[in-house]
Amino acid sequence: MEPLGRRRFLRATLAGSTWLGPLASHLARAAEADHSGAPARSVIVLWLAGGPSQLETFDPHPGSKIAGGTRHIATAVKDIFLAEGLERVAEQMASISLIRSMMSREGDHERGTYNLKTGFRPDPTVTHPSLGAVACRELPVESCEIPRHVSILHSQWPGRGGYLGDAFDAFLTGDPLGPVPDTRSYLTPARDRARVDHLGALDRTFGRGREKRVEATLHRETMRSALKMMTSEQLKAFDVSLEPQATRRMYGETPFGRGCLAARRLIETGVRCVEVNLGGWDTHANNHQFVSNNLKILDPAFAGLIRDLRERGLLDRTLVLCMGEFGRTPSINPAGGRDHWPGGFSIALAGGGIRGGRVVGETDPDGRKEPASQVQVGGLFATIFTALGIDYQKVNQTPIGRTVRFSEGQPLEKLLGGS
Amino acid sequence: MELNAGAPMNFLKNIAFLMIVGCGMAALAAGLVPPHSGPPAVAPTGVDEGIRQAIGRVDKAFAAAWSREGIQPALPADALTVARRLSLGLTGTIPSLEEIRKLEALPEGDRLDWWISHLLHDRRYADFVAERFARVFVGTENGPFIFFRRRKFVLWLAAEIARNRPYDQIVRDLITTGGLWTDKPATNFITVTIEPDNKEKQNQPDPVRLAGRVTRAFLGIRLDCAQCHDHPFADWKQGDFEGFAAFFGQTRVGFRGVHDGSGEFKVQDRKTREYRVVEPRVARSPELLPEDGSLRQRLAAWVTHRENPWFAKATVNRLWAILCGQPLVSPIDNLEAVESHPEALSILADDFSRNGYDLARLVRIIAGTRAYRHESLSRLDSSEKAEKAWASFPLSRLRPEQVAGSVIQAASISTIDAESHLVTRLMRFGEQNDFVKRYGDSGDDEFDGRGGTIPQRLVMMNGKLVLEKTRGGPFNTTTRVEWLAGNDESALEALFLATLTRRPDREEREHFTRALADRNGSRGGNIQDIFWALVNSAEFSWNH
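Quick note, the sequences are listed as chains A and B, same order. All residue numbers for the first sequence refer to my numbering, where the first residue is 947 and numbers rise by one. All residue numbers for the second sequence refer to my numbering, where the first residue is 584 and numbers rise by one.
Read the hints as simulated data drawn from the structure, not as lab findings. Hints should not be assumed to be uniformly reliable.
[Unchecked claim] So, partial list: chain B residues that the calculated Cβ filter (under 8 Å) puts toward chain A: (1) L663; (2) T664; (3) E778; (4) V791; (5) G795; (6) L872; (7) Q909; (8) R1021; (9) I1037; (10) E1091; (11) H1094; (12) N1103; (13) S1105; (14) W1115; (15) W1125.
[As the list claims (entries may be wrong)] Partial list, computed: chain A residues near chain B (C-beta under 10 Å): (16) R1106; (17) H1144; (18) R1154; (19) T1163; (20) R1170; (21) M1176; (22) R1304; (23) G1347; (24) V1350; (25) R1351; (26) G1355.
For every residue, glycine included, the Cβ atom is placed at its ideal position computed from N, Cα and C.
With the hints as constraints, model all of the structure from the sequences given.
Dropping the structure here:
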């Protein structure tokens, strides 16, 4: 459900207004939260779908039996080593921190994705909002005419609004080389005007005798916002062809690289959360080969994003996360693959509110013992929300009247308090 | 898994095109203009006296409630408005122009009874209602591929609904069937709870999730809350939930599929971390639990027992929600948490259990009530109190596939139904999938009264589906209206009926007659603009 306060507000302002007339909905939102002083104001999630192998990315154990030949490389931070293939990310290590002891109880892609995107395990009695939806709900609006929650490139389970309502669902878009879907009218402006004029005529009839309820459909309001978005200058934020060749090359000329570049442009425009998706990590066979190919895409894009944000002075107020739904088994199966492993995997965090160059947790080089300093998914989310200046303990009402907090965990103090 | 409908679909589309062109122009005119004579082939079915009486009892209960609260109910809606609701609720799309013509050829008093019979005998009814029930029974996820076949499950359920199998028998099948999920589709209800990647559970069904599903889907009770703590509103204890789950404690899955094993059901204590044995036990009406049979058979008998009031109430509430867009009692699966229920719920539940859990009969009764057949508008605009008391019909947002289905139906004069050629149906499914993704599926929480979203407006205004259905094409409504409508009046009537299932009012007729004559655009272009506006209106994407 939409928050009631907003609904009521809209009802009040809409009564008597002309069709598609100006609305003060932004005021309703702006009154909801003031976050001056909070470290990060936006979040970018690099989502590695399928469950990336921690051993070939952020938690290598070279020379051990479980490495399967994977070597490590030194980074800009003494004592932190990454797997070979992340050379450019290694240069940015002073800005990046790692959690190497992520623990979840979900080993299925769909359930694990839900867990790592919302901070909660799937629960049949409530659908939790994803990180991006919470960020959009809790962080200030500013003057953003484009969706504030965006998911770039195909994702099977993009971020959802959950109990906050599907107004907080991610807006789905593809490779930034192409047009933003469904935003281009295929008509002349004259015919566009005729059509909107027709809508007004139909709306008058439908509203008669049920004005308040037709207002509550938000049809007019969403139509107005959609039309505004279609003609908004801010749509250019999606268009990476406006960037210098050198910048595009730095991110890598791949759909994912372009997605990361578009993510930076979007948060500059006031977008609160951008999810950029990179699939191909479900390496049940030929793990090393597949991961090595994926790193050629991830390395320049992730490193380029951190560097670009820093050079533009945006890193301090942008939280960047790089993660998937779980990790992969220490043992290598007969097909040369690694299977699902939710008990001790890695994620990387950088930017606003997060201290760089730190590592939390440690896994066993033999893959037999439980990881040290384990971090539960709830703790990760409490940390993320704190970095964004969101009260992670805030109590919310679900549509059925159940109370749920944004996160059930405790923030990791070691990672908080800097950038 | 996604439907990848790339190359083969294009090929099929080409074939479909050739076939339809080959059919000749004569067929195109069908439905656009009213037939000169002859009633529809299906004769109106007389309404059973028992059904009439049940409708009378429900109407009386509502009338008493309205008068108690001093609410003036809305006026009766016209037949077309009700027919549209019925089509959306029972088949997921709006009526075709062809169907509207058949309906209007009947004497006024017979129209809706004929319409309900017509829809209940249409395969689209079983398919659509099965999908809606399946969301509650097994969820919307694809589930564990090795152990679960959602499509098979839905097809089975649709076949059972098509032959109007008593609902209690269907539910007993869901709880008790054994065998392989590929061979005995009902077992997918059990196997969907297997988590293949969870090593602790060793590829076995999850009694806790099953207990939660059984209570929510069949009894309208959220017992799951008691999984972690005592129920916040109702009188359920954590032990009650565990006792309920224990009925699935011997359900096993092996090479031969689902079967009953032996052994005890153990749960880990949340505090002490120790395991303790839990005996199967129902917290309410234990006298309804039979002594004999397997654990699952005993549970199924208790759930569907005629004396178990929750079973019939939960089903009535759900079917009401499917038909009306909102449940009679909200939230749909937490009946116990709501202090008082409208008397109509008990009357309908009582009739349902006394008459062999006959779903088609229940549809006829609900659809016959005053509450179902009156307007969604009222002279005074309705207060929230009146809405809550069902004194006017609610507005509810259509599901994405209802919107997609309606766009596709509106663009075709003739009915796209289960008898249509397979190719047309394939095209329809392919088109829907892409659209549903962009429009956004509300998943399991389907009745929680939300407003529309910006991406929905964008995909309707500029998306591929509406573009393809709006622009000229030999079988699109816009083209047929351009070629075949004799004058502006009949063109507007056909466009309105095909999209909004109503005729334009005086103001609209004036506005759109001017629009048709606009010299800045071609007549075809003007017609397309009107069609576009009709499908982009709030009226089109809301049930009302």
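Does the closest beta carbon of chain A sit nearer than 8 Å to the beta carbon of L872(B)?
violated, 24 Å
Less than 10 Å between beta-carbons is the criterion; does G1347(A) satisfy it with respect to chain B?
holds, 8 Å
Verify the interface restraint on W1125(B): the C-beta must sit less than 8 Å from at least one C-beta of chain A.
W1125(B) check passes; min Cβ-Cβ to chain A is 6 Å, inside 8 Å.
Less than 10 Å between beta-carbons is the criterion; does H1144(A) satisfy it with respect to chain B?
holds, 3 Å
Under 8 Å is the threshold here; is the Cβ of E778(B) close enough to any Cβ of chain A for the hint to stand?
Given a least distance of 6 Å, the restraint on E778(B) holds.
Per the CB criterion, is I1037(B) less than 8 Å away from chain A?
For I1037(B), the interface hint holds, since the closest Cβ of chain A sits about 5 Å away, which is under 8 Å.
Status of the R1106(A) interface restraint (C-beta, 10 Å, chain B):
The hint holds - R1106(A) has a Cβ within 10 Å of chain B, the shortest such distance being about 8 Å.
Against chain A, run the beta carbon of H1094(B) and see if the smallest gap drops under 8 Å.
Holds. Min distance 4 Å.
G795(B) as an interface hint toward chain A, with CB separation required under 8 Å
Nearest chain A Cβ about 5 Å off; hint holds.
Would the hint on S1105(B) stand, with a C-beta cut-off of 8 Å toward chain A?
With a minimum Cβ separation of about 11 Å from chain A (threshold 8 Å), the hint on S1105(B) is violated.
Minimum beta-carbon distance criterion (10 Å), R1304(A) to chain B:
violated, 31 Å
With chain A as the partner, please determine if R1021(B) meets the hint condition of a C-beta pair closer than 8 Å.
holds, 7 Å
Going through the hint list in order, the structure does not satisfy hints 1, 2, 4, 6, 7, 13, 22, 24, 25 and 26.
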